[in-house]
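S.K.: Sequence:
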Amino acid sequence: MHLPNLLQDRFRNALASVTDRADQYAAMIRPTADPKHGDYQCNCAMPLSKELGRNPREVASELIEKLQIDDVCNPPQVAGPGFINLTIKDDYLSRVTSGLLGDERCGVSSQEGEQSIVIDFSSPNVAKPMHVGHIRSTVIGDALARCLRFLGHRVVTDNHLGDWGTQFGIIIYGYKHFGDAKIVDANPVQELSKLYRIVNQLIEYRKSKKSIDALERSVMDAESAVQLAKDALVNAETSKQKSAKKTVSSAERRCSGAIAAVEAARLKIDAVENDQVWSERASLHPRIDEAVLEETAKLHQGDPENLSLWERFLPHCKDEINRVYERLDVTFDHTLGESFYHSQLSGVVQKLRSEGLAQDSDGAVCVFLSGFDAPMIVQKQDGAFLYATTDLATLQYRLEQFDPAEILYVVDTRQSEHFEKLFAVADQFGLEHVKLVHVNFGTVLGEDGKPMKTRSGSLIGLESLLDGAVERAKKVVCDPERLRTFDPPMEHAEQEMIAEAVGIGAIKFADLSHHRTSDYRFNLEKMVALDGNTSAYVQYSYARTQKILENAKKAESDIVKLIAKEGWVFSHPAERNLALMLMKLEESLVGLHKDYAPNQLVDYLLETAKTYSKFNENCHVLRAETPQIQATRLALVCLTGRVLQLGLHLLGIGVVPRM
RNA sequence: GCAUCCGUAGCUCAACUGGAUAGAGCAUCGGUCUUCGGAACCGAGGGUUGGGGGUUCGAAUCCCUCCGGGUGUACCA
Numbered sequence: 001m002h003l004p005n006l007l008q009d010r011f012r013n014a015l016a017s018v019t020d021r022a023d024q025y026a027a028m029i030r031p032t033a034d035p036k037h038g039d040y041q042c043n044c045a046m047p048l049s050k051e052l053g054r055n056p057r058e059v060a061s062e063l064i065e066k067l068q069i070d071d072v073c074n075p076p077q078v079a080g081p082g083f084i085n086l087t088i089k090d091d092y093l094s095r096v097t098s099g100l101l102g103d104e105r106c107g108v109s110s111q112e113g114e115q116s117i118v119i120d121f122s123s124p125n126v127a128k129p130m131h132v133g134h135i136r137s138t139v140i141g142d143a144l145a146r147c148l149r150f151l152g153h154r155v156v157t158d159n160h161l162g163d164w165g166t167q168f169g170i171i172i173y174g175y176k177h178f179g180d181a182k183i184v185d186a187n188p189v190q191e192l193s194k195l196y197r198i199v200n201q202l203i204e205y206r207k208s209k210k211s212i213d214a215l216e217r218s219v220m221d222a223e224s225a226v227q228l229a230k231d232a233l234v235n236a237e238t239s240k241q242k243s244a245k246k247t248v249s250s251a252e253r254r255c256s257g258a259i260a261a262v263e264a265a266r267l268k269i270d271a272v273e274n275d276q277v278w279s280e281r282a283s284l285h286p287r288i289d290e291a292v293l294e295e296t297a298k299l300h301q302g303d304p305e306n307l308s309l310w311e312r313f314l315p316h317c318k319d320e321i322n323r324v325y326e327r328l329d330v331t332f333d334h335t336l337g338e339s340f341y342h343s344q345l346s347g348v349v350q351k352l353r354s355e356g357l358a359q360d361s362d363g364a365v366c367v368f369l370s371g372f373d374a375p376m377i378v379q380k381q382d383g384a385f386l387y388a389t390t391d392l393a394t395l396q397y398r399l400e401q402f403d404p405a406e407i408l409y410v411v412d413t414r415q416s417e418h419f420e421k422l423f424a425v426a427d428q429f430g431l432e433h434v435k436l437v438h439v440n441f442g443t444v445l446g447e448d449g450k451p452m453k454t455r456s457g458s459l460i461g462l463e464s465l466l467d468g469a470v471e472r473a474k475k476v477v478c479d480p481e482r483l484r485t486f487d488p489p490m491e492h493a494e495q496e497m498i499a500e501a502v503g504i505g506a507i508k509f510a511d512l513s514h515h516r517t518s519d520y521r522f523n524l525e526k527m528v529a530l531d532g533n534t535s536a537y538v539q540y541s542y543a544r545t546q547k548i549l550e551n552a553k554k555a556e557s558d559i560v561k562l563i564a565k566e567g568w569v570f571s572h573p574a575e576r577n578l579a580l581m582l583m584k585l586e587e588s589l590v591g592l593h594k595d596y597a598p599n600q601l602v603d604y605l606l607e608t609a610k611t612y613s614k615f616n617e618n619c620h621v622l623r624a625e626t627p628q629i630q631a632t633r634l635a636l637v638c639l640t641g642r643v644l645q646l647g648l649h650l651l652g653i654g655v656v657p658r659m
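Each residue of the first sequence is one higher than the one before, counting from 1 in the working numbering.
Mixed in with the good hints there might be a few duds.
PhoX-like mimics (lysine-lysine), calculated; alpha carbons at most 25 Å apart, straight line [to be verified]:
#1 LYS380 / LYS210
#2 LYS207 / LYS380
#3 LYS554 / LYS594
#4 LYS614 / LYS547
These are computed hints drawn from the structure, not numbers from a lab.
All chains, full assembly: derive it from the sequences and hints.
M.R.: Printed below as a string of structure tokens:
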């Protein structure tokens with residue numbers, strides 16, 4: 001049920017005789033901000049009056065006369081400068097709400113489409129541990145997939161795994177020099193990530209060692225630049241003071257950036273040189289960084305030994321990430337990683353060349369695009385292909401295979417430029433009929449407002465993050481004071497299950513509750529908190545509905561019959577408010593699709609849970625005054641439970657019958 | 001330097017794309033109730049939406065300009 005669409009249709013009819021831009025004006029229907037203005041409002045009279053050169057209130061009154069809407073609304077009211085306020089009739093509302101009862105889809109209509117929507121999300125590099133940065137793509141992408149699929153679209157999810165890059169050169173090198181076949185075979189997942197960490201640390205050491213002199217010089221340069229800028233400021237004329245000041249502060253910023261870079265490099269160097277084992281390793285592998293690249297190149301060229309190692313290691317790397325996906329309850333239709341496209345890359349470059357889009361520049365093959373300073377490089381000087389090349393091959397494959405209307409890339413905002421270029425090339429390829437969207441998202445920040453890192457400066461592992469959330473949830477759920485009130489008592493297994501649902505749900509919900517494009521601060525304490533805008537609040541509201549239904553000993557099928565017999569009646573404003581909320585699920589889902597913004601559904605669920613709490617406070621079900629009132633309330637409780645459960649499910653979050 | 005995004009209550013965030021008195025949650029203070037489960041509900045204080053100008057019936061939202069931040073900027077993904 002999408003009430004604004006219905007209202008729009010009515011307005012369009014009324015507007016047709018007045019203007020030829022009826023669509024545009026009819027679209028100006030909104031829910032009201034304040035209930036005293038009714039349920040919905042139409043704001044079209046003001047701009048329309050300008051077009052007609054007439055008084056807006058007069059225009060509004062005329063529209064109301066032409067409007068045929070009395071089956072849905074009470075007589076519309078003109079207010080303020082010319083707002084048209086609409087209040088839904090109670091009997092219309094109860095009819096619609098009755099229709100939701102017994103409906104699997106909670107009244108959300110299905111929008112069948114011929115074409116599919118491809119969603120590319122999560123896409124971690126295997127062989128590296130997943131970290132906090134992977135949360136957003138995974139959680140947002142999964143929520144979008146669930147919602148769009150529920151809306152009736154043919155959704156194809158694809159996890160574009162990084163399974164062909166330098167990280168395999170690292171593991172292969174590690175295996176050859178630090179590995180032990182028996183140990184690796186016995187415990188591959190753990191052993192391989194250990195090898196990765198060893199080699200990676202040595203590479204970081206080597207890189208830091210190489211760059212530290214230059215970094216220190218750049219600090220000195222920056223410092224003298226600051227001094228110069230300060231001198232210039234002292235001598236600057238009044239009119240140029242401002243720009244001189246700006247120069248100083250930007251020089252200072254660069255300077256502190258350079259100092260931070262030196263410190264980071266120094267840390268990595270010290271970590272190795274102050275440790276006997278590590279410094280021995282480092283001296284035994286003096287050119288490890290180049291050697292790793294060579295191993296990677298050999299793999300790409302089809303070297304039998306490296307290829308067979310890759311084939312041996314890959315399944316274990318996938319096991320590692322699949323464990324996380326299982327825990328997050330995230331699945332994919334396809335997992336076509338970079339390696340899948342490897343053989344198609346030279347063809348892509350050839351095609352770009354033959355169509356005159358790509359050309360040689362500085363020994364690399366580039367696509368120059370108007371509006372961009374730098375070209376998109378599709379093949380390096382040394383002949384290797386890049387991220388961009390793979391993405392073009394992937395795009396081509398998806399078009400042939402899935403015939404999509406839309407392709408969504410759920411990827412960090414920092415890659416915006418890459419996607420702008422990719423889409424620009426796609427345009428030149430003649431792919432403008434597909435809607436390509438970079439569903440970008442912001443960074444997860446720590447408490448300090450800087451990208452979230454551990455104390456040692458590395459990214460926080462995803463699994464330990466989830467463990468932390470579940471552990472915290474368990475403390476709350478298994479609080480002995482609270483557990484005493486449960487009858488029957490809560491067994492250990494149920495406690496574990498609830499902690500998992502609440503803990504994982506908290507992380508997902510917190511992520512999805514922020515607008516996807518903004519950065520947010522990660523605060524575990526607030527996420528798992530019992531009160532506030534959290535998943536626990538919504539999950540708890542659901543549990544309350546279930547308890548009431550249990551006490552009433554009524555299943556949904558019983559309530560359907562009961563309502564058919566008794567009919568609806570709104571005896572308290574809280575009932576009507578709740579019914580109105582329950583009807584709006586589809587609105588929030590449609591809004592979510594429009595902006596690819598899951599926070600719209602989150603907001604809706606919080607608002608619904610809050611509306612339910614008020615209802616729960618004011619409208620006793622089992623002690624209802626009449627059978628009719630009780631039937632209405634039972635129906636509302638039942639529907640609320642269903643809507644909350646469905647809404648959370650569409651976000652990838654589970655519910656529990658009690659908590 | 002260029003490009004791009006952002007600045008909203010003490011804190012963390014919204015605001016249906018230009019609509020009515022800018023909303024939630026924390027935190028603070030006060031209240032309700034012998035709980036269909038109190039992880040509840042009600043109320044109060046808290047704002048010149050970074051500053052200034054403009055566009056119009058109407059601006060957090062659009063334009064200009066300052067101030068302050070983030071991010072990206074040819075062979076990483």
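S.K.: In ascending order, which of the hints set out earlier in this document are inconsistent with the structure?
M.R.: 3
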